[in-house]
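Just so you know, the UniProt record's numbering puts 199 at position 199 of the sequence shown, and the rest follows in order with no gaps.
All clues stand as given, with none of them false.
Below, in silico cross-link-like pairs of lysine-lysine (DSS-like), each with a Cα-Cα straight-line distance of 30 Å or less:
1) K471 - K424
2) K342 - K523
3) K185 - K289
4) K109 - K218
5) K515 - K537
6) K515 - K471
7) K321 - K109
8) K100 - K515
9) K321 - K89
Hints listed in this document are in silico derivations from the structure and should not be mistaken for laboratory results. Since we're looking at a predicted model, the values are computed, not measured.
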Amino acid sequence: MIKNLKYVTSFNPKDTRNVAFMEIIHSLFIAAPSGILLIVVWELFSERPDTGRIWTVVALMAVMLMVQFFVASRSMVRSNLLVYDLSTKLRIKLGNHIQKFSLGFFKQKDPGEIASVVLQDVANFEGIFGHSIGNLASAAFGTVVLSVFLLIYDWRLALCLLLALPLIYPFLRIANYFVSRLGRKQIAARNTVGARFLEYVQGIRHLKSYGLTGQKHKSLEDAFDKLRRECIRLEAVPGPFIVTAAIVFEIGFISMVALGLYFLLHQSVTVPVLITFLIMGYNLYNPLKVVMVDYLVLRYMNESLNRIIGVLEEPTMETEKNELPLNYEIRFRDVNFGYQEKRTLQHINFTVPENSMLALVGHSGSGKTTVASLIARFWDVDEGSITVGGTDIRNINQDTFYSMISEVFQEVYLFDDTIYNNIKIGNPGATDKAIYCAVEQAQCLEFISELPDGINTRVGEGGNRLSGGQKQRISIARALLKDAPIVLLDEATASLDPENEIHIQRAIQELVRSKTVIVIAHKLSTIQNAGQILVLKEGEIAERGNHKELLHKNGIYRTMWDLQQQSNGWKVK
1 MIKNLKYVTS FNPKDTRNVA FMEIIHSLFI AAPSGILLIV VWELFSERPD
51 TGRIWTVVAL MAVMLMVQFF VASRSMVRSN LLVYDLSTKL RIKLGNHIQK
101 FSLGFFKQKD PGEIASVVLQ DVANFEGIFG HSIGNLASAA FGTVVLSVFL
151 LIYDWRLALC LLLALPLIYP FLRIANYFVS RLGRKQIAAR NTVGARFLEY
201 VQGIRHLKSY GLTGQKHKSL EDAFDKLRRE CIRLEAVPGP FIVTAAIVFE
251 IGFISMVALG LYFLLHQSVT VPVLITFLIM GYNLYNPLKV VMVDYLVLRY
301 MNESLNRIIG VLEEPTMETE KNELPLNYEI RFRDVNFGYQ EKRTLQHINF
351 TVPENSMLAL VGHSGSGKTT VASLIARFWD VDEGSITVGG TDIRNINQDT
401 FYSMISEVFQ EVYLFDDTIY NNIKIGNPGA TDKAIYCAVE QAQCLEFISE
451 LPDGINTRVG EGGNRLSGGQ KQRISIARAL LKDAPIVLLD EATASLDPEN
501 EIHIQRAIQE LVRSKTVIVI AHKLSTIQNA GQILVLKEGE IAERGNHKEL
551 LHKNGIYRTM WDLQQQSNGW KVK
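Work the whole structure out from these sequences, hints included.
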């Protein structure tokens with residue numbers, strides 16, 4: 001486990017040794033009153049008990065209690081600080097690693113499972129340091145020291161007590177097996193609950209509109225019910241074996257008492273020695289009973305640690321290379337791509353000169369969004385290559401690459417923060433003057449001035465306190481502030497009313513000025529001035545050219561154009 005801890009965090013074994021040392025010191029102070037009590041007992045059994053010595057010992061016990069409180073508080077603070085520091089670094093490490101995955105990872109994994117790793121599994125990891133390691137260290141040390149002490153006093157009675165240790169091993173092994181097996185099932189059930197709950201909350205609007213809240217709530221209830229059953233099994237199945245191990249300890253102590261009385265009757269042991277074993281012998285088992293539970297908890301936590309490692313070992317799209325492009329020309333060379341086993345793009349070849357516009361058109365499912373996603377390197381191509389300025393994008397450092405691209409899509413996501421901070425994401429180092437300039441260029445001033453807190457108004461989760469048009473303009477302001485040389489547009493005006501469309505078209509004109517632009521077009525009237533238009537059909541380029549050239553070909557583009565022109569004249573009677 002220590003090797004795994006080194007792998008997942010900037011773990012320093014010295015930190016753990018310090019925590020373990022503090023716990024050992026703490027355990028010594030916990031055991032001290034029992035030792036002091038022995039001194040009192042021995043004094044009482046002497047021919048002339050010294051009451052002054054007894055009171056001195058009692059005063060020493062009071063001092064020890066105060067020192068114990070101080071040591072315990074220091075130990076707790078140090079271990080908790082270590083835990084919080086490690087868990088914070090681990091969550092940051094997971095976050096930084098996850099953001100480098102391709103989108104294919106998130107299509108294969110349930111969002112609830114990923115959230116469970118970052119939140120719940122890391123919380124389990126905290127328990128390793130917060131409790132288990134300290135308990136194990138103090139128990140191991142205390143058991144060894146106390147065993148040596150008892151062996152010195154009477155090796156026969158000490159061996160009778162220690163004989164219980166190997167006898168509990170089989171029961172621990174069986175309990176460990178069930179914890180490992182049932183722990184995986186419980187974690188899987190927990191992940192399912194997270195996924196179903198997330199699905200239910202995110203889709204509540206649609207469930208209400210179709211009257212399906214009861215049906216979908218049933219699937220959530222079933223997930224919770226399964227989690228409850230798995231949690232009960234995880235506790236109940238290994239439990240009897242731990243109880244049996246505890247009974248073995250009790251039997252060991254009773255056997256020692258019986259043997260001690262036998263030796264006392266035959267005068268082979270003295271009364272003070274027997275009293276010593278009666279007082280200290282039972283203390284030998286107390287830390288071991290705690291450790292038995294901690295041992296199983298560590299086994300369960302190890303499953304969480306393995307899941308964390310599983311995420312950290314997932315391949316990312318990061319590269320150690322950092323080749324810089326000569327310019328911002330984009331070129332597809334014989335690109336093939338598919339989602340899992342389904343081929344989506346086949347033999348795609350085109351070039352987008354620097355500071356020009358390429359429009360992608362075609363029916364739904366033709367591959368338009370896939371081409372834009374490949375340019376943004378949400379996925380890597382299966383075959384062929386995509387270059388920017390002659391450099392394969394797989395050889396460009398991710399941070400460098402994403403600094404070259406701005407995106408404005410139909411579905412805009414805003415964080416639950418102020419408008420100001422959502423725009424500033426585009427360029428965290430931007431000045432207030434640059435931010436307000438982007439706000440003006442994106443046609444945002446009109447609606448921001450009407451909000452109660454202006455640009456400092458919080459937008460809600462996903463921007464749910466704003467209209468679609470307002471969110472679009474904020475996303476364009478963000479892109480303007482970033483001022484990247486490559487712009488990807490998924491027709492931002494496709495589902496907006498005419499008034500918002502006018503504002504956003506003006507904002508887009510500001511955004512794409514002197515940029516290399518790739519636009520996914522739904523309204524063909526918006527791309528008449530594009531330098532190049534690609535018509536996609538079933539993942540292949542069916543036609544290419546500018547607006548006039550494609551109209552003269554009388555192919556797919558001409559058909560789509562004519563249909564849109566006809567639909568513009570439709571009226572509801």
